[in-house]
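Chains as they are written, first to last, in the numbering used here: chain A, 557 to 867; chain B, 33 to 464.
No lab work stands behind these hints: they were computed from the structure. It cannot be assumed that every hint is accurate.
Beyond 10 Å from chain B on every Cβ pair, some chain A residues (computed) [as the list claims (entries may be wrong)]: (1) S624; (2) F655; (3) R718; (4) P776; (5) N787; (6) E820.
Within a straight-line C-alpha distance of at most 30 Å, the following computed DSSO-like cross-link-like pairs (lysine-lysine) qualify [stated by the list, open to error]: (7) A/K656 - A/K609; (8) B/K70 - A/K828; (9) A/K674 - A/K653; (10) B/K208 - B/K310; (11) B/K157 - B/K304; (12) A/K821 - A/K849; (13) A/K821 - B/K342; (14) A/K609 - A/K699; (15) B/K208 - A/K850; (16) A/K699 - B/K236; (17) A/K653 - A/K741; (18) A/K849 - B/K157; (19) B/K371 - B/K304; (20) A/K742 - A/K609; (21) A/K821 - B/K157; (22) B/K196 - B/K208; (23) B/K236 - A/K849; (24) A/K699 - A/K604; (25) B/K342 - B/K196; (26) B/K157 - A/K674; (27) B/K157 - A/K741; (28) B/K208 - B/K70; (29) A/K850 - B/K310; (30) A/K699 - B/K157.
The beta carbon of each residue, even a glycine, is placed where N, CA and C say it ideally should be.
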Amino acid sequence: MAQPTRRGFLVGLAAGSVALLNSEALASAIGEVEGGQNELGMLYDASKCVGCKACMAGCKRVNGDYGSLSYERAPFDQDGLWDAPADLSGSTRTLIKLFKQSDSEWSYVKYSCMHCRKPSCVSVCPVSAMTRDPRTGIVDYSKDTCIGCRYCQVACAFNIPRFQWDSATPQIVKCDLCLHTNLAKKGITACAEVCPTGAILFGKRADLLATARARLAEQPGLYLNHIYGENEVGGTNHLYLAAMPFDRLGLPQLPGNPPAEFSEKIQHTIYKGFVAPVALYGTLCWLALRNLKKHPDGSHAGDEKGDGHES
Amino acid sequence: MSHDDFQRHEASIFTPAFFVLLLLTLIGFFLVALRFIKGIGAVSNMSDGYPWGIWITYDVATGTAIACGGYAMAILVYIRNQMHYHPMIRSAILTSLFGYGLAGFSVMVDVGRPWNAYNFFIPSKWQINSAMFEVALCVMAYTTVLLIEFLPALLTRLEEADRKSVHRLVEWLHCKTGVAPNRLMTRLEWVQAMASWLRPRLDKVLIFIIVLGITLPTMHQSSLGSLLLIASTKLHPLWHTGFLPLLFLINCVYIGYSICILESVLSSYGFKRPYETKELAGLATIIPWVTVIWLTVVFGDLAWRGQLGKIFAFDFYAGFFLLEIALVGGGSLILFSAKNRRSVRWLFVSAALIVLGGALYRFNVYLIGFNPGEGWRYFPSLAEFMITIGIIAFEILCYKVLVKILPVLPRLHGRDHQAQADRTPCPLAEHA
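Just chain B, with the same shape it has in the complex (with noise of 0.2 Å):
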């Protein structure tokens, strides 16, 4: 596990995508306090039958499922003893941190009351029974978890930083504070220092903080689906089940692998770097099983309980059902073949259906296959789609900051002179 495996993408910041994105996140942000201001109900349809809408559904419950490309990565490369995944780590990382961070964010946009959220850390309220509360304690200490295996890349660019750009930061810092340059100088020579004292010795317990990244969304994401159980008469039979922490949990491995390979292939498109076509092929074997063992908890546990006629009944439900059966089974299927396992296209077809199907289950999971009762209806404000688009937009936008910044991307080795020269790589060619 060597920094050496990552560097800084080299590339203007302020692209036209990165205008619309802000765009974007600034109309979400102007919803959000409109939302404190005059309550949950001025933005969102939201009801009492339908507590919960899409801030839960995609930000939570979805958004950290996809948010899982940090957690299937690590333990592909820590526990599977797979190293040569490592350089696609960091951007796991990174987007997993972004992912739980924004969602986390987004509860506390959807909570009524966030300001009473400190009652999590007083042992008195905690309240075990509660899958929620579990939920709430894990993904506050996975963030930070993220936060602190995301440290090197930080730690790193402080060390690397050269003089010119010191120098600049110094000049800069001294117009906007008026502090004397060789204090700044002292200051931030300082930082350096502390830096190159901190990393090895966070290196040496990296190990244990990283299979404590792995622990705990193992936790939370069972818990997601545990959520649900307590809605039996409410939730569909299709979906409702006391396997539910068990299918969220494989859900979340499956949506992390496809996740990278979707990542993977849009940032190499996007920055125009080469594919890594090989890291993505060996990923996409992965795949397949897991979701094999999916679908098998899915229909053996419908059949163990009897309701595997609700498939058949064509309604409404069986409908939506079928749907993401079948893409997540049609991804599965398209990555069986090897010959479509080595093609950049069939790959981000393939993980987008998986990605897609796996996100619908839990969409209805939490919205579509529940029913509070005759007379509820719901579906999402234009309002609640702004927010919830403006914090995507937010995360996209600081990733692409961030990888410009700090040195996140895969090296590419010996490459790099042919990559910059080749402003338009052919995909498919490469590895053909």
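This is chain A alone, in the form it adopts within the complex (with noise of 0.2 Å):
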């Protein structure tokens, strides 16, 4: 199985991840052995893409009612016959971008959420708006819980989720995999389904690593050897293959330590079991009483004179 069919690899997989979402014992149990092998993701290969777009629009047409997405007008067109966002925003969750180098040497390349291992936006969000499915590893966003506090935006090293700033009633907006959408119905998300050069592949992580991995074997001259999401930020399910360096894709160079877990470990220290806390304010109890107890109420003359100034 060395170069599956692209039909073959996406049905096959569609169908697993269906079974996956679908069976909840089986998929905690593999989830929990395997590491979280099972969990979904996506493969962008940059050097496949031909900038068509199409997962773009699919996305918008099959999100736009539950993510609240709207068009996005350029300037020039006062009609509204194209949707032209210039970045990820409030009404666009994925996007392709053109970097050129020069004439001869450009690279397409997608943003969408990165769908972390260890995601920052889950770990800051205060409220649980943003949660970590722990079998499938899909970063979902909930509306009805979500305070609109932005913290999940200081905290995305990748700035991914937006916010929706010309709204009175405001969301966050990224990408959660079609969560609710296309992979409840069809089980496999918009982008991948219609990208008609098999440059977004949908699947599991583990195969989609083994995917990536083929490749750059068979093709070393191709591709810059190294699988981007595999470790960056702890690793991450969306994952990229290019022919060129992914900084200049605007894709950051980040260290393999997920910043969560360096936060959270300082949290958890100053917070262990509220013992600190607790200690804190019994011993400054114990310390006022104290005091108190050499300033009987009402003394207050005596206070001064016995306090004196000069200490």
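Both chains are given apart, each in its own frame, so use the hints to dock them into the complex.
What follows is the structure in structure tokens.
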């Protein structure tokens, strides 16, 4: 199974993922045993992308109502003929961009949520509006819980979550692997479903990694020898292959340690078992009560003399 | 801890300053209304790269530090047992109350979906990994604690309300509501009786509330630093460190003491009361030691992380870092001299420098040292500024009105008549 046909690959993965979503017991069992190898993700191969943007159109068509996405008009486009987002935004969950190094060297790149394995946005959300499903690895957002504090935006190293700045009832917008739309209906994300060249593959992380490694092995001259997302910030379920340096494509160079691990370690050290705050309160109470005994109520004039100001 | 330490400031409420502050407040609140109708983007320059602007950086992160006067004074009085500072505590608590209350108000303006804030009270939604969760709960709890701490001022006022003003109130209420004066009188007397009943009982447990009021800021002021721990890829290495919680905690203590000096000098000047030079000199002795500890942690941590070289890059970031250090360090140097500590002018200058430097540190962490990547820019819009200014104006307005209604400012012992008569005090001559 070195190079399966695209259709066969997709159908197989789709069937597998639907089974995964449906049989909870099985899924949680393998999820635990295999260290999350069955988590769902996508592999975007920049060298196969032709920039047709069918994924963008598909994403907005499928998720428009659920995610309150609207079409973004270009300044010259009075009739609203095209959807022309300039960047990921409160109306756009995924975006194709073209990076030109020279007239002959260029690459497309697709942006959408990386579905980190240790997501910062989930770690910082104060009310659990951002959640990560331990079985599927999907990082999901609930507008019914979100208070709109935008801490997820501050925390995300990829600047993925976007906010609807011009709305009185704004939401955070980001890819949820079509969890409530296409994935629930068809078992595949809308962007992967419509991609005509196989640049976007949807499937289990382990399978996607195997595919990526096989491609690197087959055409070492074509690709940079790096699977972006394999180790970045603790690994992501959205993986990338490309022929150009990833930081040029707008995918930042990041350390292997998840930032959320660092911050949680400190926060947990301070608040472990709530012992420190209680101990602090107890000690301070003891000190304050002892001090008050030295200054019985009403002896205010005595305070001034007794204490002296020269101390 | 006698309630005799405090008195009402007898003066007119409707001064020219009152109307200026009122105007600024109204402009600010108009823009707040606009934000709720048209969205945050309509009034602010925040973006997906800079999702936190000056509302979070100033109103919340810096405003609560400036409101740490009550915290710092409570440590001094109740924990370090310096009871002679007790007369200064009530005005410190009042400013803390406004600082925190309005930080809470700003948060409600800043967050996009405030109607979902009830989730903070639903345990299944709690997310204990989030520093924001800790900050939110602690700030709400502390604002309540401050309200209770301030309650004695209100209760004393209710008890001591004289017959004449009560009668005036009854007459006014009668005209407005049409309720018979006798029934109103009975109700007001009942309120007074309740106040006299509640105050001694509150006094008994107040110390436990006060200590809670010391514990909570210790927790959330450090967590305000923890908020930026996650931004390891965005915050400049001069500021991103595991010691952020500790640095924010120490930072709020020296800002707290310095702001007490500023407030005391300003209100003595503004309300034409004698300066509390002796108490201020005492406070000023503490401040430089706190800042020295802070500076030691800052530089020790930079050395330990091997980032000292970043200071000598002399770029944009190094510039703001050096400015912050110069303000805090310079202000502290002034206060090391005992002569300067007895001068109201030097006290004011050094306290102002330290507050500015301490506040700049928080701006550096939240905004100036924060770089989300190429292509993102942020400078607050005029409307964004005006909302913050409106909120500050409202804060000062309420303070000025309340000290004239409730016994908040330190009692002037035997100096009342002299102070009332002498409308042009000479500040520097007072203790020279």
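Here is how each hint holds up against the structure:
The Cβ of A/S624 lies farther than 10 Å from every Cβ of chain B, with a closest approach of about 12 Å, so its non-interface assignment holds. The claim that A/F655 lies off the interface holds: its Cβ sits roughly 12 Å from the closest Cβ of chain B, which is beyond the 10 Å cut-off. The claim that A/R718 is not at the interface with chain B is violated, since a C-beta of that chain comes within 10 Å of its own (minimum 5 Å). Distance check on A/P776: its Cβ is at least 30 Å (rounded) from any Cβ of chain B, clearing the 10 Å threshold; non-interface status holds.
Separation of A/N787 from chain B is adequate, the least Cβ-Cβ distance of about 15 Å exceeding the 10 Å criterion. For A/E820, the shortest C-beta to C-beta distance to chain B comes to about 5 Å, within the 10 Å cut-off, and the non-interface label is violated. Of the supplied pair hints, the one linking A/K656 and A/K609 holds, its CA atoms being roughly 17 Å apart against a limit of 30 Å. Under the criterion of a C-alpha separation no larger than 30 Å, the hint pairing B/K70 with A/K828 is inconsistent with the structure, at around 43 Å.
Under the criterion of a C-alpha separation no larger than 30 Å, the hint pairing A/K674 with A/K653 is consistent with the structure, at around 26 Å. Of the supplied pair hints, the one linking B/K208 and B/K310 is violated, its CA atoms being roughly 48 Å apart against a limit of 30 Å. Distance hint between B/K157 and B/K304 is unfulfilled; the C-alpha atoms sit about 51 Å from each other, more than 30 Å. A hinted pair counts as satisfied when its Cα atoms are at most 30 Å apart, and A/K821 with A/K849 does not qualify at roughly 40 Å.
Restraint check for A/K821 and B/K342: satisfied, since their Cα atoms lie roughly 26 Å apart, inside the 30 Å limit. Between A/K609 and A/K699 the alpha-carbon distance is near 27 Å, which keeps this suggested pair within the 30 Å criterion. Restraint check: the Cα-Cα separation between B/K208 and A/K850 comes to about 50 Å, which exceeds 30 Å; the hinted pair is violated. Between A/K699 and B/K236 the alpha-carbon distance is near 46 Å, which puts this suggested pair outside the 30 Å criterion.
With a CA separation close to 28 Å, the supplied pair A/K653 and A/K741 stays within the 30 Å bound. For the given pair, A/K849 sits about 43 Å from B/K157 by alpha-carbon distance, which is inconsistent with the 30 Å threshold. Distance hint between B/K371 and B/K304 is fulfilled; the C-alpha atoms sit about 24 Å from each other, no more than 30 Å. For the suggested pair A/K742 and A/K609, the alpha carbons sit about 21 Å apart, so the restraint of at most 30 Å is met.
Between A/K821 and B/K157 the alpha-carbon distance is near 21 Å, which keeps this suggested pair within the 30 Å criterion. With a CA separation close to 19 Å, the supplied pair B/K196 and B/K208 stays within the 30 Å bound. With a C-alpha separation of about 13 Å, the suggested pair B/K236 and A/K849 falls inside the 30 Å cut-off, and the hint holds. Proximity of A/K699 to A/K604 is assessed by CA-CA distance (about 35 Å); at most 30 Å being required, the pair is judged violated.
For the given pair, B/K342 sits about 67 Å from B/K196 by alpha-carbon distance, which is inconsistent with the 30 Å threshold. The suggested pairing of B/K157 with A/K674 holds, with an alpha-carbon distance near 19 Å, which does not exceed 30 Å. Pair hint B/K157 plus A/K741 holds up; C-alpha atoms about 28 Å apart against a cutoff of 30 Å. Of the pairs offered as hints, the one joining B/K208 and B/K70 is violated, with about 37 Å between alpha carbons and a cut-off of 30 Å exceeded.
Only pairs whose Cα atoms come within 30 Å are accepted, and A/K850 paired with B/K310 is accepted, the gap being roughly 22 Å. Of the supplied pair hints, the one linking A/K699 and B/K157 holds, its CA atoms being roughly 13 Å apart against a limit of 30 Å.
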